[in-house]
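Residue numbers (this note's numbering), protein chains in the order written: chain A, 1 to 116; chain B, 117 to 230.
If you're looking for bench data, these hints aren't it; they were derived computationally from the structure. Hints are not guaranteed to be accurate.
[What the hints assert, rightly or not] Subject to a maximum C-alpha distance of 27 Å in a straight line, what follows is the list of computed DSSO-like cross-link-like pairs (lysine-lysine):
| # | chain 1 | residue 1 | chain 2 | residue 2 |
| --- | --- | --- | --- | --- |
| 1 | A | Lys3 | B | Lys135 |
| 2 | A | Lys70 | B | Lys135 |
| 3 | B | Lys157 | A | Lys3 |
| 4 | B | Lys156 | B | Lys187 |
| 5 | B | Lys168 | B | Lys156 |
| 6 | B | Lys183 | A | Lys70 |
| 7 | B | Lys135 | A | Lys16 |
[Unchecked claim] Simulated coverage check for chain B against chain A, where a stretch passes if three residues somewhere in it have a Cβ under 8 Å from a Cβ of chain A:
| # | segment |
| --- | --- |
| 8 | 159-166 |
| 9 | 185-199 |
Glycine included, every Cβ here is placed at the ideal spot set by N, Cα and C.
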Amino acid sequence: AQKVTQAQTEISVVEKEDVTLDCVYETRDTTYYLFWYKQPPSGELVFLIRRNSFDEQNEISGRYSWNFQKSTSSFNFTITASQVVDSAVYFCALNRGDTGRRALTFGSGTRLQVQP
Amino acid sequence: DTAVSQTPKYLVTQMGNDKSIKCEQNLGHDTMYWYKQDSKKFLKIMFSYNNKELIINETVPNRFSPKSPDKAHLNLHINSLELGDSAVYFCASSSLAGHQWGQFFGPGTRLTVL
Chain A
1 AQKVTQAQTE
11 ISVVEKEDVT
21 LDCVYETRDT
31 TYYLFWYKQP
41 PSGELVFLIR
51 RNSFDEQNEI
61 SGRYSWNFQK
71 STSSFNFTIT
81 ASQVVDSAVY
91 FCALNRGDTG
101 RRALTFGSGT
111 RLQVQP
Chain B
117 DTAVSQTPKY
127 LVTQMGNDKS
137 IKCEQNLGHD
147 TMYWYKQDSK
157 KFLKIMFSYN
167 NKELIINETV
177 PNRFSPKSPD
187 KAHLNLHINS
197 LELGDSAVYF
207 CASSSLAGHQ
217 WGQFFGPGTR
227 LTVL
């Protein structure tokens, strides 16, 4: 069985602070994919990143960066110099196998509030 | 152009009614999904269709019935609505094409059962 744990229920920071959202996953598959989605107050789910299990390189996209470590089964997400617009619920998710046809297993989400 | 669209965006109805939610994707994907997000924001898969064939059917009451008339559409019909059905329902689609694949979600349908 697969499981995704986001232990941080809610995080509150002040604008310009850096913040890291933790994600720990469990799977027996050797091939799998990890995702992060953002859900702003407007409610839609916005795709942020996909990472496959064979690629442990960290990724940076603007103020966003992701740290994937298979040794600790973690896929953490860091926002540098946070902004009010980053306020949202962030979900980590896991997709098993080498096919895109399997459903995502989501973590419970971390609500990030960035105060001005 | 909207990639994954759902109608309606909001649905308010009485207990016992039957309602449908429609989903369409114009991404050319071959797999579509329905997810339910409860009041605590927890997201869980309900159904998945690949090329109009049901491939995932989680433990969902029989009152929920998905229908896929073609690869671009996946509708969700709910019979005898109950208070506990109140949630946000998300449609999604995916494909293995290229390096851009991932699951792309519709805007969600907020269902409120009174």
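Okay, the hints, checked on the actual structure:
1. A:Lys3 / B:Lys135: Violated - the C-alpha atoms of Lys135 (chain B) and Lys3 (chain A) are around 32 Å apart, more than 27 Å.
2. A:Lys70 / B:Lys135: violated (44 Å)
3. B:Lys157 / A:Lys3: holds (16 Å)
4. B:Lys156 / B:Lys187: Given pair Lys156 (chain B), Lys187 (chain B) is violated - Cα atoms ~31 Å apart, limit 27 Å.
5. B:Lys168 / B:Lys156: It is violated: about 31 Å lies between the C-alpha atoms, which goes past 27 Å.
6. B:Lys183 / A:Lys70: Given that 27 Å is the threshold and the Cα spacing comes to 39 Å, the pair is violated.
7. B:Lys135 / A:Lys16: The hint is violated at about 46 Å.
8. 159-166: Since 5 is at least three, the answer is holds.
9. 185-199: violated (count 0)
The structure shown violates the earlier hints numbered 1, 2, 4, 5, 6, 7, 9.
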